[in-house]
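Let's have the full structure, built from the sequences with the hints guiding it.
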Amino acid sequence: MSEHMHVLLDEMAVRRALTRIAHEILEKNKGVGNCMLIGIRTRGIYLAQRVAERIQEIEGVPVPVGEIDITSYRDDRVKVRSVDTVPDGDNLNIQSKKVILFDDVLFTGRTVRAALDALIDLGRPEMIQLAVLVDRGHRELPIRPDYVGKNVPTSKLEKIEVHLTEVDEHDRVVIIQQQRGNE
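Each residue of the sequence shown is one higher than the last, beginning at 910 in my numbering.
In short, the hints are calculated from the structure, not lab data. These numbers come from a predicted model, not from an experiment. Yeah, the Cβ is synthetic: ideal placement off N, Cα and C, and Gly gets one too. It is possible that some hints are incorrect.
[What the hints assert, rightly or not] Here are the computed lysine-lysine pairs in the BS3-like style, where the Cα-Cα straight-line distance is at most 30 angstroms:
1) Lys939 x Lys1006
2) Lys1059 x Lys1006
3) Lys1007 x Lys1065
4) Lys1059 x Lys1007
5) Lys1065 x Lys1006
6) Lys939 x Lys1059
7) Lys1006 x Lys1068
[Said to hold, decoys possible] Cβ pair distances, simulated, as ranges:
8) Glu966 x Glu912: 17 to 25 angstroms
9) Gln965 x Thr1017: 30 to 38 angstroms
10) Leu917 x Asp1030: 30 to 38 angstroms
11) Ser981 x Met1036: 33 to 41 angstroms
What follows is the structure, encoded as structure tokens:
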């Protein structure tokens, strides 16, 4: 099987998408007074941090950012429940907050479901909203994002990869088409 790669979002397009998400969060929540951005490890963390930076630039107001590791909440792993969170040095207090959860790609919805379980174990937020850089469809659970950088309908043979400078040395989103060879 061979692969063909196509760039969906380059560095500027990723930046624009995150700036738009920041504006949408501000508009929908009438500011960020009671908001907290939480990124799902790994790339969701960096997306949440970048959006928090944009909000700071736009409004001049800091917004708390935390991260959550949902490994022990996944339904494809052995069940050992412990929420691993790193909320920029303090305890992650989501009680009565508007939590905006960040992930890089929304596909089946299972990662988000695991993150929701982990968040609920931490407390009772006022609400949870979902922000994703890419929504590729193929949901297996009734999960819908509130903020989307780009909708990309895909086939199950295609794969979406998000590359971020903090992890991959450059920003871009690529779609990889697996092509079947002569068998």
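Hint-by-hint comparison with the structure:
At roughly 14 angstroms between alpha-carbon atoms, Lys939 and Lys1006 fall within 30 angstroms of each other, so this suggested pair holds. For a cut-off of 30 angstroms, the pair hint linking Lys1059 to Lys1006 stands: about 27 angstroms separates their Cα positions. As the CA atoms of Lys1007 and Lys1065 are separated by approximately 33 angstroms, the hinted pair breaks the 30 angstroms bound. With a C-alpha separation of about 23 angstroms, the suggested pair Lys1059 and Lys1007 falls inside the 30 angstroms cut-off, and the hint holds.
For the hint pairing Lys1065 with Lys1006, the CA-to-CA distance comes to about 36 angstroms; that exceeds 30 angstroms, so the pair is violated. Between the alpha carbons of Lys939 and Lys1059 the distance comes to roughly 23 angstroms, so the proposed pair stays at or under 30 angstroms and holds. Under the criterion of a C-alpha separation no larger than 30 angstroms, the hint pairing Lys1006 with Lys1068 is inconsistent with the structure, at around 34 angstroms. Taking 17 to 25 angstroms as the suggested C-beta distance range, the pair Glu966 and Glu912 does not conform, at roughly 38 angstroms.
Between Gln965 and Thr1017 the Cβ separation comes to about 33 angstroms, which falls inside the hinted range of 30 to 38 angstroms. Restraint check, Leu917 to Asp1030: a C-beta distance of roughly 34 angstroms satisfies the suggested window 30 to 38 angstroms. Hint check: Ser981 to Met1036, Cβ distance near 24 angstroms, so the stated range 33 to 41 angstroms is violated.
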